[in-house]
Amino acid sequence: MDDQRLTERSVDQKEIKISAKNVQVYYGETHAIKDVDVEIEDNTVTAFIGPSGCGKSTFLRCLNRMNDTIDIARVEGTILLDGEDIYDKRVDPVQLRAKVGMVFQKPNPFPKSIYDNVAYGPRIHGMAKNRAELDEIVEKSLRRAALWDEAKDRLQAPGTGLSGGQQQRLCIARAVATEPEVLLMDEPCSALDPIATGQVEELIDELRTNYSVVIVTHSMQQAARVSQKTAFFHLGNLVEFDETGKIFTNPEDSRTESYISGRIG
Amino acid sequence: MSPMYSDQEHIVSAYDRDLEAIQALVMRMGGLVEAAILDSARALETRDVELAEKVRAGDRTVDELEVQINEECARTIAIRGPVSQDLRVLLTVFRLSGSLERVGDYAKNMAKRTSVLVEMRPLPGADSALRRMAREVQLMLKDTLDAYVRRDAELAEDVRQRDHDVDQMYNAIFREFLTFMMEDPRNITGCMHLHFIAKNIERMGDLVTNMAEQVIYLVTAKMPDDSRPKGDETPYMRAEASDDKGE
Ligand SMILES: Nc1ncnc2c1ncn2[C@@H]1O[C@H](COP(=O)(O)OP(=O)(O)O)[C@@H](O)[C@H]1O
Ligand SMILES: [Mg+2]
Numbered sequence: 001m002d003d004q005r006l007t008e009r010s011v012d013q014k015e016i017k018i019s020a021k022n023v024q025v026y027y028g029e030t031h032a033i034k035d036v037d038v039e040i041e042d043n044t045v046t047a048f049i050g051p052s053g054c055g056k057s058t059f060l061r062c063l064n065r066m067n068d069t070i071d072i073a074r075v076e077g078t079i080l081l082d083g084e085d086i087y088d089k090r091v092d093p094v095q096l097r098a099k100v101g102m103v104f105q106k107p108n109p110f111p112k113s114i115y116d117n118v119a120y121g122p123r124i125h126g127m128a129k130n131r132a133e134l135d136e137i138v139e140k141s142l143r144r145a146a147l148w149d150e151a152k153d154r155l156q157a158p159g160t161g162l163s164g165g166q167q168q169r170l171c172i173a174r175a176v177a178t179e180p181e182v183l184l185m186d187e188p189c190s191a192l193d194p195i196a197t198g199q200v201e202e203l204i205d206e207l208r209t210n211y212s213v214v215i216v217t218h219s220m221q222q223a224a225r226v227s228q229k230t231a232f233f234h235l236g237n238l239v240e241f242d243e244t245g246k247i248f249t250n251p252e253d254s255r256t257e258s259y260i261s262g263r264i265g
Numbered sequence: 001m002s003p004m005y006s007d008q009e010h011i012v013s014a015y016d017r018d019l020e021a022i023q024a025l026v027m028r029m030g031g032l033v034e035a036a037i038l039d040s041a042r043a044l045e046t047r048d049v050e051l052a053e054k055v056r057a058g059d060r061t062v063d064e065l066e067v068q069i070n071e072e073c074a075r076t077i078a079i080r081g082p083v084s085q086d087l088r089v090l091l092t093v094f095r096l097s098g099s100l101e102r103v104g105d106y107a108k109n110m111a112k113r114t115s116v117l118v119e120m121r122p123l124p125g126a127d128s129a130l131r132r133m134a135r136e137v138q139l140m141l142k143d144t145l146d147a148y149v150r151r152d153a154e155l156a157e158d159v160r161q162r163d164h165d166v167d168q169m170y171n172a173i174f175r176e177f178l179t180f181m182m183e184d185p186r187n188i189t190g191c192m193h194l195h196f197i198a199k200n201i202e203r204m205g206d207l208v209t210n211m212a213e214q215v216i217y218l219v220t221a222k223m224p225d226d227s228r229p230k231g232d233e234t235p236y237m238r239a240e241a242s243d244d245k246g247e
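Chains as they are written, first to last, in full-length UniProt numbering: chain A, 1 to 265; chain B, 1 to 247.
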């Protein structure tokens with residue numbers, strides 16, 4: 001039985017997309033991320049779970065250098081994307097964020113048309129030579145975000161006029177429009193109702209065929225449903241990182257066990 | 001806090017109360033089934049039709065408890081979304097109650113046959129041999145329930161190994177019945193009933209062994225390896241040997 005599992009696992013072994021070593025994050029005096037080592041695989045959904053304030057968002061933001069925008073934040077250690085150090089001086093953070101896209105907790109479409117929301121990134125990065133190409137990118141991105149059918153007849157309507165779930169899918173379309181390789185999602189469903197949540201979860205699973213997805217979630221059930229790998233953070237430490245099935249049926253660390261089963265740790 | 005439950009409490013304390021209540025139901029069911037095994041064996045030995053009738057009637061309660069436990073498990077799974085240890089507790093409870101219900105059925109069956117056997121002449125030693133075998137299974141069940149309460153995988157493993165003894169007792173009884181039947185065909189009807197009883201007790205032992213394995217799973221999160229001594233092939237060999245003798 002175990003042998004078979006091991007074989008399945010090795011067949012399943014994906015390429016490492018992001019490799020983080022010895023990562024520390026400080027906000028002034030606060031040591032928010034301590035010694036984190038983690039390898040994020042390609043074509044895999046990786047969930048970050050843990051109590052509020054344990055550093056999930058902080059660590060997620062390291063992966064596309066969003067912490068650069070916070071003055072007091074200081075990041076140490078190495079984070080490699082496809083083997084290249086993303087904190088290298090020569091790396092342009094704006095280019096990096098096109099490759100490592102991000103979707104936030106609250107849907108935050110620009111106060112522009114649906115079309116312009118999606119076209120925004122490709123325009124900045126000069127990805128389309130003409131209007132026809134841009135149209136194509138917009139359609140493809142909206143399809144990937146499972147929003148095309150609902151939006152195709154109202155592309156010029158404001159993005160802010162969509163429902164919450166549609167807005168979140170619009171933000172996903174916007175993130176995938178720049179052809180990223182990694183998608184970071186920070187509690188993408190926390191402002192959505194169960195049906196919209198289900199649609200976004202379904203979408204996350206589809207996105208996995210093209211991207212490496214990292215999702216921060218407060219919902220254990222959501223982590224269990226959408227991810228293949230789960231990382232449990234506690235007080236800035238990465239306590240346990242393993243297959244999602246293992247984490248939710250038989251975790252190694254008692255802190256993980258307490259957290260996932262809703263016990264006082 | 002009793003060792004029956006995890007050392008850490010849930011944040012939602014009603015969750016703990018639910019789990020405790022379900023586990024209390026299993027212990028109650030276990031106690032009733034233990035008593036049914038002993039009573040049915042005693043009823044058989046003493047040809048006590050009244051006691052046998054009590055066992056048959058009591059099986060209703062065992063069945064009802066199983067239904068109740070299943071419902072409580074389903075409800076808890078739906079409401080609490082149990083994972084890891086909690087999930088193992090519920091899966092274990094679910095399977096233990098299923099096994100207990102079947103052990104209870106076998107005890108009831110033994111009691112039913114007792115009512116028939118009163119009308120037949122007793123065979124020397126058979127009833128007490130069956131009672132010893134039933135007693136052994138009841139002890140295995142008791143230890144399994146203790147192992148469950150104490151989360152004691154070693155004790156459960158011990159029970160698992162003892163199933164071999166029950167198998168051997170069954171083999172011995174089987175051989176004895178063959179002899180009785182060959183000696184005098186008038187023994188056949190009685191021996192057939194008694195043999196069914198022996199087989200049923202042997203099956204109870206198997207079910208209790210499964211329960212012990214479930215306890216090992218609960219404690220270690222792994223089913224035990226299949227390294228248990230098995231002794232149930234002997235009867236087939238014996239039957240052939242006896243055929244040879246008969247020729
Ligand atoms: N911009 C910030 N400035 C100062 N401290 C911060 C900032 N963002 C987060 N922190 C602190 O870092 C720790 C981790 O926070 P965060 O990464 O948001 O946790 P999580 O996403 O797991 O809830 C917390 O103690 C929080 O107070
Ligand atoms: Mg956060």
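Derived by calculation from the structure, the hints in this document are not laboratory data. Among the hints, erroneous ones may be present.
To be verified - Simulated pairs of lysine-lysine, DSSO-like, Cα-Cα distance not exceeding 30 Å: (1) 142(B) x 54(B); (2) 142(B) x 14(A); (3) 246(A) x 222(B); (4) 112(B) x 222(B); (5) 99(A) x 89(A); (6) 14(A) x 89(A).
Here is how each hint holds up against the structure:
Between residue 142(B) and residue 54(B) the CA atoms are separated by roughly 21 Å; this keeps the pair inside 30 Å, and the hint holds. For a cut-off of 30 Å, the pair hint linking residue 142(B) to residue 14(A) is broken: about 49 Å separates their Cα positions. Under the criterion of a C-alpha separation no larger than 30 Å, the hint pairing residue 246(A) with residue 222(B) is consistent with the structure, at around 12 Å. Proximity of residue 112(B) to residue 222(B) is assessed by CA-CA distance (about 38 Å); at most 30 Å being required, the pair is judged violated.
A threshold of 30 Å between alpha carbons decides the hint, and for residue 99(A) with residue 89(A) the separation of about 17 Å falls inside it, so the pair holds. This hinted pair checks out: residue 14(A) and residue 89(A) have alpha carbons roughly 29 Å apart, not beyond 30 Å.
The structure shown violates the earlier hints numbered 2, 4.
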